[in-house]
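Undergrad: Sequences and hints are given; from them, build the entire structure.
Protein chains: 2
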Amino acid sequence: MSVLIVGSTALDSIKTPKAENPRLLGGSASHAAVAASFFAPVKLVGIVGEDFPKKYLSLYRRHGVDLEGLQIAPGKTFHWSGEYELNMNNRRTLETELGVFETFTPRLPASYQNSPFVLLANIAPSLQHHVLNQMRRPKFVVADTMDLWLNIALPDLIKLLKRVDGFVLNDSEARQLTQEDNVIAALKKIHKLGPKYVIIKKGEHGALLSTGRGLFISPAYPLHRVVDPTGAGDSFVGGMMGYLSTARGSIESNLRRAMIYGSVVASFCCEGFGLKFTTRVTRAAIEARFKKLEQLTKF
Amino acid sequence: MSVLIVGSTALDSIKTPKAENPRLLGGSASHAAVAASFFAPVKLVGIVGEDFPKKYLSLYRRHGVDLEGLQIAPGKTFHWSGEYELNMNNRRTLETELGVFETFTPRLPASYQNSPFVLLANIAPSLQHHVLNQMRRPKFVVADTMDLWLNIALPDLIKLLKRVDGFVLNDSEARQLTQEDNVIAALKKIHKLGPKYVIIKKGEHGALLSTGRGLFISPAYPLHRVVDPTGAGDSFVGGMMGYLSTARGSIESNLRRAMIYGSVVASFCCEGFGLKFTTRVTRAAIEARFKKLEQLTKF
Chain A
1491 MSVLIVGSTA LDSIKTPKAE NPRLLGGSAS HAAVAASFFA PVKLVGIVGE DFPKKYLSLY
1551 RRHGVDLEGL QIAPGKTFHW SGEYELNMNN RRTLETELGV FETFTPRLPA SYQNSPFVLL
1611 ANIAPSLQHH VLNQMRRPKF VVADTMDLWL NIALPDLIKL LKRVDGFVLN DSEARQLTQE
1671 DNVIAALKKI HKLGPKYVII KKGEHGALLS TGRGLFISPA YPLHRVVDPT GAGDSFVGGM
1731 MGYLSTARGS IESNLRRAMI YGSVVASFCC EGFGLKFTTR VTRAAIEARF KKLEQLTKF
Chain B
1491 MSVLIVGSTA LDSIKTPKAE NPRLLGGSAS HAAVAASFFA PVKLVGIVGE DFPKKYLSLY
1551 RRHGVDLEGL QIAPGKTFHW SGEYELNMNN RRTLETELGV FETFTPRLPA SYQNSPFVLL
1611 ANIAPSLQHH VLNQMRRPKF VVADTMDLWL NIALPDLIKL LKRVDGFVLN DSEARQLTQE
1671 DNVIAALKKI HKLGPKYVII KKGEHGALLS TGRGLFISPA YPLHRVVDPT GAGDSFVGGM
1731 MGYLSTARGS IESNLRRAMI YGSVVASFCC EGFGLKFTTR VTRAAIEARF KKLEQLTKF
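Sequence order for the protein chains is A and B.
With the first sequence counted from 1, adding 1490 to any position gets you the working numbering.
With the second sequence counted from 1, adding 1490 to any position gets you the working numbering.
Check each hint, because a few of them may be wrong.
The list cannot tell twin chains apart, which means a pair is met if one copy fits it or any two copies do.
[Said to hold, decoys possible] In silico DSSO-like pairs for lysine-lysine, Cα to Cα no more than 27 Å straight-line: (1) LYS1682 to LYS1544; (2) LYS1508 to LYS1678; (3) LYS1788 to LYS1508; (4) LYS1544 to LYS1566; (5) LYS1679 to LYS1508.
By construction, these hints were calculated from the structure, which means they are not laboratory data.
TA: This is how it looks when you write it as structure tokens:
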């Protein structure tokens, strides 16, 4: 089955202590779509400007991403530039130019409205609502978010949580949302806001899944070198939703393996700038790291 | 087989935002000894002053800890007082009174010198050397340390690393020791300093084992509430060494399970002040959390 993904489609200019990479393909939806594409057909909902490089449209297409829902609007593509410190956990935004994103209203083509799996990747909660409003009874809806929306759009986000099956956020966002320092205790509070499945991303420390009935401790794939972690979280949820949409059996029984696949794709994402490394990955390479993670965690 | 444990034997006064607990039984050797005692007989090497409460000697004895190597010297017991913030990852030392520890020279009774398993718990590297100098060909030696020794006794520590089989340190210490931000890369550098087995403790994020031949990602037992994390790292290595000393088969084949047992005992340690909770734990409760960790990580 296919996965519908809405989120930001952007150009990222990324500086690290070792390199500078202008105008890479970026945005939450781009990373999630490419990650999901290794497992399932993807329908993309987003917006880019007239300056959006043709080669990036080709990249989407090479990954089998349906672009009927991608609007190409007069104006400039959303552009983010940021800088990482030597410790890759610390980054700062240098500039954000919203461009065509400022007036973005997601419009779902008729062929998208029956998509069973929906990933509301990181984007304003009002736009995530707007996408859901156009859907016909999806089977499984997951929303991602970021600290910005907790700060400026919390009521929208809280409303959204009553409409989704799964909610993904990172550990600092979980603390911010619940005013709870202990992430295990935070998980309980987040369930009360609506979602049946809550996933807390912890970067290099992996992720936690809470199903209300219990926890799953998911490892991160260990890397000797992180080139650029931008988009790793988006790759994680994208890979997870891609796998879920094709796996047989219940969501509950597949979620753990789905998270491991998500971790694997996220690890590839970190090994190159933007999507440079991820786009060259094969399904066989993904399976090899999946097996490796089994070995690394068995006791 | 028995485990010989040398380290600090102290009185800890611990403040948290919610409570204040003066003069608890503490110190790296106390935590490690009690943790190891659930699995194996323990021989303790340490020093306390004449003010050391009799009830703490009884506590050691209840756990079957051999006290022949515990010196009771004229003067005061080592006393540490510290304060935790609401976020339990942040603590500061309020006061350190070395007392009898200032002139401590570990002396091993004859009955200790053949101990096959040796845990050099956190204490000055010169004292760790001093214990090893009195041993006859132990089977497996593990050393723990802390940032203080990296700062003031690095040459001693570097020499020690050539004499031990296993080395345990936390992630920030690994970064400090290797000048390497990435812990996976740091592991490689630490192997080059001598130890065949390197374990990096990551607190609530678990631990990493590197055997040179590969990694093991060990989970932490998830807790809804951390009362006092003091001694959790010592409980981890103590539990690990206790299990290792009694398990059949090679060290290499038992280390993963040993780390899980260590994590479990460390989780109990965090649930009470000082050793209050740990001392009430049963082997059955340990086995139950071990099984639970299997369920929490399976995929």
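Undergrad: Look at each hint and say if it fits the structure.
TA: For each hint, the structure was consulted:
1. When the C-alpha separation of LYS1682 and LYS1544 is checked against a cutoff of 27 Å, the pair qualifies neither within a copy, at 45 Å, nor between copies, at 49 Å.
2. In this assembly of identical chains, the alpha carbons of LYS1508 and LYS1678 lie at most 27 Å apart only when taken from different copies (22 Å versus 41 Å within one copy).
3. For the homomeric pair LYS1788 and LYS1508, neither the shortest alpha-carbon distance inside one copy (36 Å) nor that between copies (38 Å) is at most 27 Å.
4. Proximity of LYS1544 to LYS1566 under the C-alpha cut-off of 27 Å is restricted to the intra-copy arrangement: shortest distance 14 Å within a copy versus 76 Å between copies.
5. For the identical chains of this complex, LYS1679 and LYS1508 are inter-copy neighbours only, at 21 Å across copies versus 41 Å inside a copy, given an alpha-carbon limit of 27 Å.
Violated hints, listed in ascending order, are 1, 3; each of the other numbered hints is respected by the structure.
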